[in-house]
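**Q** From just these sequences and the hints, can you work out the full model?
Residue numbers (the numbering used here), protein chains in the order written: chain B, 5 to 195; chain X, 17 to 301.
Source of the hints: derived by calculation from the structure; they are not laboratory data. Ideal placement from N, C-alpha and C gives every residue a C-beta, glycine not left out. Check before you lean on any hint, since a few could be wrong.
[Stated by the list, open to error] According to the in silico footprint, chain B covers these stretches of chain X (three or more CB under 8 angstroms from chain B):
1. 18 to 32
2. 39 to 47
[Claimed, not checked] As a list, the in silico BS3-like pairs of lysine-lysine whose alpha-carbon atoms are at most 30 angstroms apart:
3. X:K227 / X:K286
4. X:K132 / B:K97
5. X:K132 / X:K219
6. X:K48 / B:K97
7. X:K46 / X:K140
8. X:K219 / B:K37
9. X:K46 / B:K97
10. X:K86 / B:K97
11. X:K289 / X:K230
12. X:K221 / X:K262
13. X:K262 / X:K116
14. X:K116 / X:K221
15. X:K48 / B:K37
16. X:K289 / X:K211
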Amino acid sequence: MDVILIFISASIVNNIVLSYFLGICPFVGVSNKTESALNMGLATTFVMTLTAAITWPVWTYVLVKFNIPFLQYVAFIIVIAALVQFVEMFIRKSSPHLYRALGIYLPLITTNCAVLGLALFMVLRDYNYIESIFFGFGTGVGFTIAILMMSGIREELEYADVPPVFQGISITLIIAGMMALAFMGFAGLIR
Amino acid sequence: MTGDIIIISAGSMGIIGAALSLFLAYADKKFKVEEDPRIEDVLQIIPNTNCGGCGLAGCRMFAESVLVGKVSITGCVAGGQSVADALASYLGVETQTANKLYAVVLCRGGEKEAVKSSIYKGEKTCVAANFTGGEKACTYGCFGYDDCVKACKFDAMAMNDNGLPVVFYDTCVGCGACARACPRFIIEMHDVSHKLFNYCRNKDKGAVARKVCKVSCIACSLCVKDCPVEGGIEIIDNLAVVNYDKCPQDTDAPIKRCPTKCILYDEEEKITKEFYYSTLKKTAA
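**A** Written as structure tokens, this is what we have:
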């Protein structure tokens with residue numbers, strides 16, 4: 005039951021993009037088309053789930069055990085960077101088309117603060133291993149939901165008459181703010 | 017005790033790093049992508065500056081596309097004719113004539129000519145100034161900052177003393193990076209055979225345009241009448257537009273009566289890099 009609550013909390017109530025405002029770079033950068041947005045969401049979800057699955061043992065059995073918790077940033081970033089490299093190789097092999105569509109945003113998952121934020125939250129909230137994995141997966145699903153909704157809105161926005169001043173990134177950020185407001189409606193549902 | 021922490025930290029990080037790198041090395045072998053070895057050769061032939069002139073995402077992409085025949089061997093605008101020839105001999109196909117393009121800055125309203133209506137204290141870039149409109153009263157002309165010069169990777173542009181960008185006709189390869197950098201779209205890419213240009217983009221009515229700049233096009237249509245071929249020059253949106261398919265480029269007849277001297281015959285305007293730095297800069301200093 006706890007696991008389901010953690011999943012829903014991470015994906016919807018405390019959405020990483022719309023409640024914590026992490027990972028805005030790919031959220032704005034890759035949300036032009038629904039297809040590439042979905043793929044970006046899936047790639048990020050994959051990285052996030054694996055990050056949670058690997059950083060938890062690293063934290064518990066290395067950093068806590070040897071009493072060196074100050075190294076958490078370094079250790080987590082190493083793990084994330086290696087995972088992103090792996091995902092990049094995998095996507096390049098399996099789908100060159102997708103590799104080209106994601107472009108620079110694929111290696112940039114490394115510097116996606118949402119992934120590091122997830123690892124740090126996981127430590128902060130004292131999750132056990134199963135909870136961590138569900139938290140990581142839920143966060144990834146939350147990111148996918150947010151970026152998918154954004155891409156849908158932006159595709160419709162192509163036909164809208166946006167004032168010149170707001171065109172491009174400005175209107176995207178304004179819409180992100182409105183989406184965040186809407187998501188506040190979930191606040192308090194689960195702690 | 018402190019020494020222990022250092023050793024433990026270094027050791028544990030080292031082990032984690034080594035384990036991950038071993039995993040990556042294995043994955044790299046497993047997921048190795050076969051690449052055409054000719055891509056590297058083609059990259060040696062083309063300038064490899066990632067200027068974006070071909071319209072593809074980088075030089076590597078161009079190399080891949082040219083090998084499978086998706087783009088023509090003349091597609092590399094930065095390389096021009098010499099690269100087209102080299103590619104033709106490397107790929108064993110017949111060479112083609114490359115169209116040489118160059119950038120033309122279609123605004124002559126510099127510090128001396130354009131009227132300033134406001135004070136701009138923001139970031140000194142055109143993109144930032146475009147949000148507020150900049151200093152000049154003309155809402156179509158050059159801001160006078162150097163976004164286009166910064167965008168040029170071939171050292172073919174500079175800002176002159178009048179606060180306007182100049183293109184060095186001999187150095188410009190025609191990649192179009194400056195044209196994409198300009199938020200007001202006053203830089204256009206033209207074939208080298210084009211010589212007659214209307215150096216104004218002001219679409220306001222003549223009376224308004226004349227007030228904001230000394231060298232604005234007021235759409236008086238004298239050049240339209242003077243053009244030897246009917247329809248060689250047209251007035252569109254209060255601007256004289258040269259129709260390069262019709263208007264002969266070997267005569268300066270249309271520009272003679274231009275009251276504001278905004279339409280010019282460009283033979284003298286084509287500045288080479290050497291001329292700019294040896295003559296123009298020296299006289300200014």
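**Q** So, for every hint listed, does it hold in this structure?
**A** Verification of the hints:
1. For a cut-off of 8 angstroms, the count of residues in the stretch 18 to 32 of chain X with a CB near a CB of chain B stands at 6, and the three-residue condition holds.
2. Against chain B, the stretch 39 to 47 of chain X contributes 5 residues with a C-beta closer than 8 angstroms to a partner C-beta. That satisfies the three-residue criterion, and the hint holds.
3. Annotation: proposed proximity of K227 of chain X to K286 of chain X holds, straight-line Cα distance about 28 angstroms (limit 30 angstroms).
4. About 57 angstroms separates the Cα atoms of K132 of chain X and K97 of chain B, which puts this hinted pair outside 30 angstroms; it is violated.
5. The hinted pair formed by K132 of chain X and K219 of chain X meets the criterion: a straight-line CA distance of about 18 angstroms does not exceed 30 angstroms.
6. Of the supplied pair hints, the one linking K48 of chain X and K97 of chain B holds, its CA atoms being roughly 7 angstroms apart against a limit of 30 angstroms.
7. At roughly 50 angstroms between alpha-carbon atoms, K46 of chain X and K140 of chain X are farther apart than 30 angstroms, so this suggested pair is violated.
8. Taking the CA atoms of K219 of chain X and K37 of chain B, the gap is near 35 angstroms; set against the 30 angstroms cutoff, the hint is violated.
9. Restraint check for K46 of chain X and K97 of chain B: the C-alpha separation of about 10 angstroms stays at or below 30 angstroms, so the hint holds.
10. At most 30 angstroms may separate the alpha-carbon atoms for a hinted pair to count; K86 of chain X and K97 of chain B meet this at roughly 22 angstroms.
11. With a C-alpha separation of about 27 angstroms, the suggested pair K289 of chain X and K230 of chain X falls inside the 30 angstroms cut-off, and the hint holds.
12. Note on K221 of chain X and K262 of chain X: the hinted pairing holds, with a Cα-Cα distance of about 26 angstroms set against a maximum of 30 angstroms.
13. Between K262 of chain X and K116 of chain X the alpha-carbon distance is near 20 angstroms, which keeps this suggested pair within the 30 angstroms criterion.
14. This hinted pair does not check out: K116 of chain X and K221 of chain X have alpha carbons roughly 35 angstroms apart, beyond 30 angstroms.
15. With a CA separation close to 29 angstroms, the supplied pair K48 of chain X and K37 of chain B stays within the 30 angstroms bound.
16. Under the criterion of a C-alpha separation no larger than 30 angstroms, the hint pairing K289 of chain X with K211 of chain X is consistent with the structure, at around 19 angstroms.
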